[in-house]
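Going line by line, the protein sequences match chains A and B.
First residue of the first sequence? That's 1 in this note's numbering, and the numbers climb one at a time after it.
First residue of the second sequence? That's 1 in this note's numbering, and the numbers climb one at a time after it.
For the record, the hints were derived by calculation from the structure and aren't laboratory data.
No experiment lies behind these values; they were computed from the predicted model shown.
Note that CB positions come from ideal geometry on N, CA and C, so glycine has one too.
Please note that a few of the clues may not be correct.
[Said to hold, decoys possible] Some chain A residues flagged as far from chain B (calculated, every beta-carbon gap over 10 Å): (1) Ile12; (2) Lys14; (3) Gly22; (4) Gly25; (5) Val26; (6) Val29; (7) Gly30; (8) Gln36; (9) Asp40; (10) His45; (11) Gly84; (12) Glu86; (13) Leu88; (14) Leu95; (15) Ala113; (16) Ser116.
[As the list claims (entries may be wrong)] Example chain B residues on the side facing chain A (calculated, C-beta under 8 Å, incomplete): (17) Glu41; (18) Asp83; (19) Phe90; (20) Gly99; (21) Leu103.
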Amino acid sequence: MRVLVIDDSPFIFKAVKKALEGMEGVVVVGNAPNGQVGLDMVAEHHPDVVTLDVTMPVMDGIATAEILASRHPEVKVLMLSAMGDEDLMARAKALGVRRFLTKPFEAADLRQALFSVLRDR
Amino acid sequence: MENIDRDFLYATSAEALISVARGAAERDLVPLESPGELGGEKVAVVVGLVTREPGKKGRFLLEMDQGLAEDLTEGMNGGPLDDATELYLFSGELLNMVGGKALTVINNRYRGLEYRLTPPAIFAGKGLEILTPLVRSQVTWYRGARGVARFDVGFEGV
Chain A
1 MRVLVIDDSP
11 FIFKAVKKAL
21 EGMEGVVVVG
31 NAPNGQVGLD
41 MVAEHHPDVV
51 TLDVTMPVMD
61 GIATAEILAS
71 RHPEVKVLML
81 SAMGDEDLMA
91 RAKALGVRRF
101 LTKPFEAADL
111 RQALFSVLRD
121 R
Chain B
1 MENIDRDFLY
11 ATSAEALISV
21 ARGAAERDLV
31 PLESPGELGG
41 EKVAVVVGLV
51 TREPGKKGRF
61 LLEMDQGLAE
71 DLTEGMNGGP
81 LDDATELYLF
91 SGELLNMVGG
101 KALTVINNRY
111 RGLEYRLTPP
121 AIFAGKGLEI
131 LTPLVRSQVT
141 WYRGARGVAR
151 FDVGFEGV
């Protein structure tokens, strides 16, 4: 599983890498600090899954999810956000985001969510 | 929309701070009965709260002794940080998560309010004074293993 982290927080990037450390067949291919860079990196690195923050400069997670659904429907999205209210989750779901994890998260929950979203069709 | 209970907003915010400190940093923050005193070197983080409705806004301000900020962010990192930049960025992420946790509960309680967070601004130094007038707020104080924190929560227009 190739994972791209789209998040402006170095803490989250570290936390995701740490959670996936040593897992066979799992590679974190990079970190994009905003959605615009993230879209470029998706085209370059062809991840299977992206973890996507909501609040980011330049291009936020909602806008990024919309473009991903259109340009790269094969890429699965796990939205990671400090906020998890129902309205936000409904907006994300409407854009095809199937899994949502709120921060802070346990490493085991992240791993489970990533494998779960990868299995989604 | 129903009348908003300000005490609920303040209590939810305070609970979020304690919960995130424990969950993300594995550290306990103990509420103080009376105002504490911050030392010389401080780290302070501010996030703004915005909505689509004009006039409804707010902010969270967390001021910490530098030692406490280091302790919390080391807890988040699982060990010593690489440098001062990490201290500041992780402190920003800490308050971002606190704000997110609080606003999730608040937004779910008061549907239609839809508070969102602005990116954090981080300040550090000795003798720092941060003032945020024009917002009704409540201040609570906490003690951690390596210092004191002042949590100033403001909501305006509600």
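Here is how each hint holds up against the structure:
no.	hint	verdict
1	Ile12	violated (7 Å)
2	Lys14	violated (7 Å)
3	Gly22	holds (15 Å)
4	Gly25	holds (24 Å)
5	Val26	holds (19 Å)
6	Val29	holds (22 Å)
7	Gly30	holds (18 Å)
8	Gln36	holds (16 Å)
9	Asp40	holds (21 Å)
10	His45	holds (24 Å)
11	Gly84	violated (5 Å)
12	Glu86	violated (6 Å)
13	Leu88	violated (8 Å)
14	Leu95	holds (17 Å)
15	Ala113	holds (16 Å)
16	Ser116	holds (21 Å)
17	Glu41	violated (22 Å)
18	Asp83	violated (11 Å)
19	Phe90	holds (5 Å)
20	Gly99	holds (7 Å)
21	Leu103	holds (6 Å)
Violated hints, listed in ascending order, are 1, 2, 11, 12, 13, 17, 18; each of the other numbered hints is respected by the structure.
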